[in-house]
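Residue strings, one per chain:
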Amino acid sequence: MDDVKAIADLVKKEFGEKILSIDEFRGEFNLSVDADSISQVCQFLRDNPDTKFNFLAALTAVDFWPEEPRFRVVYELYSQENMLNLGLRVLVPGEDPNIPSIESVYPNANWHEREVYDMFGITFEGHSDLRRILMPHDWEGHPLRKDYPLGYEEVQFSFNFDEIDQRKRYARE
Amino acid sequence: MLQPEMELTVDELKHLVSNRAIEGDTMVLNMGPQHPSTHGVLRLLLELDGEKIITCIPDIGYLHSGIEKNMEAKSFEKVLVMTDRMDYLNNLGNNLAYCLAIEKLVDLDVPPRAQVIRVLLTELQRITSHLVFLGTHALDLAAMSVFLYCFREREIILDIFEMCSGQRMMTSYFRPGGLWRDVPEGFEEVVQNFLDIFPARIQQYEDLLSNNPLYLDRTKGIGVIPTDMALSWGATGPPLRASGIAYDVRKAQPYSGYEQYEFDIPTGENGDVYDRYIVRMEEMRQSVRIVQQALDNIPEGPFRSDNRKFVPPPRSELAHSMEAVIHHFKLWTEGFTAPKGEVYVPVESPKGLLGCYLVSDGGSNPYRVHFRTPSFANMQILPKISIGCLVADLVAIISSLDPVLGDVDR
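Just so you know, the protein sequences line up as chains H and F, in that order.
Sequential numbering from 1 applies to the first sequence in my numbering.
Sequential numbering from 1001 applies to the second sequence in my numbering.
Rather than coming from a laboratory, the hints here were simulated on the basis of the structure.
In silico lysine-lysine, BS3-like type, Cα no more than 25 Å apart, as pairs:
hint, chain 1, residue 1, chain 2, residue 2
1, H, Lys146, F, Lys1078
2, F, Lys1330, F, Lys1074
3, F, Lys1340, H, Lys5
4, F, Lys1074, H, Lys146
5, F, Lys1340, F, Lys1074
6, F, Lys1384, F, Lys1220
7, F, Lys1052, F, Lys1014
8, H, Lys52, F, Lys1251
Next up, chain H with everything else stripped away, as it sits in the complex (with noise of 0.2 Å):
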């Protein structure tokens, strides 16, 4: 199959109301999948002789805090004999994010699933080591997270001169 829109349409005859909805922009295709079934999509869309999604391109997350689901998994397939994306999306809860690892069926997952607990505090049901992977194993907090801050030095102004100035951590006489 070559077109998008027809794969899109199948997967939702398959699954049903596991898929949630299908989004068009710009001529990308999204599918939003229920958190519990994304594993069986992914499977579907990788074996079935007519979609054949055989790579995961992807794999990332985006923080809409303060809004309830709060976050967004994204997974973007790649189908190299129909040279075809697709978008997979799952909507996460803010407390107690957790969803199934699609580890199984794409193995790369391994890193990118690493990545985004790392950065999200998104956790893997089933992941085989899901430790962080870029911070430092002791970090506190989940960087790409919105209410998570830049950390930027506050300016010193005369006012406040003083009461940074303790905080500063230079080397005094």
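Once you've looked at the hints, dock chain F against the given chain H.
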């Protein structure tokens, strides 16, 4: 407050190494992060049985600089500057991926002249990236002279970039809607001069390496990526093509007018270090072909879009057009806004598939930018292919994957 440094416990790593390491039968060795052959700050934990590698655990993140987080706090125009700093050997390629994503997001057309110059410069950039690969790869295998020759030719191309953008490496030359400015006078001539000498130089490098028995011993049959494993483990670019899969985004999903150019996708058969080297050598020749075709057909016309909502007006207009002053002021203070939506744009960087995922919430800053970087994805295959190798071969394998740690860690 500085926290006392905590160490990883044995239990946390237990599932990664074999039982023999726990019992002290094999040796666990730390390689890197400061090690010349890891091409940056890659750290590897190796479990060794004598000289043989049993387990290899990459530990990345030493060059993590929070680029994606920083991008969220900058306007669309300013984000472009940070893309240069990811894969610092492929600055123009990163610029291109980001510009294409923006142009798709706001639905902006790029004039043909800009498209051709973009292709021309990114192909030159591909050559520089492969030259750095070749030089450092050969240097890791103790062939010093290749390194010097490669950097000599790379310098010519960097001079061309400097001519165009004023910068050798951090160019930021491609802007949403076209180019920063037109190519300077004499540009065609210097590119033509380079194209005239370069094919013979590629032959020189090949004469030094391709039939060198020492080089062949170190590379043939080493670090084989089996064809069925390559794509499922996320390898793209030369490592994938060396394993026999002809996947190249320039052919599969052409962007920026790549469908107009004639070029081949070189592939290997065995997927070993030697094939990855051969594939890159051939890619340099193909890039020369593309650059020549682009150079012969640079169309006349504007070098950037005249959609004033996204592209600043030329300075000459500011003197006599109130509208131009307003556009100029708006663009350089607030920046432009993009409609709410998300796009994903894949391009072929020298190292593989570079994907830019961009989310906008309707404001003038990107809500989220994610770069699917080829070095990060290709690095994941390293533990799989290095098992059973000697430590000396691991050096060859790392350099054949050609990671740039700025690209891995971002």
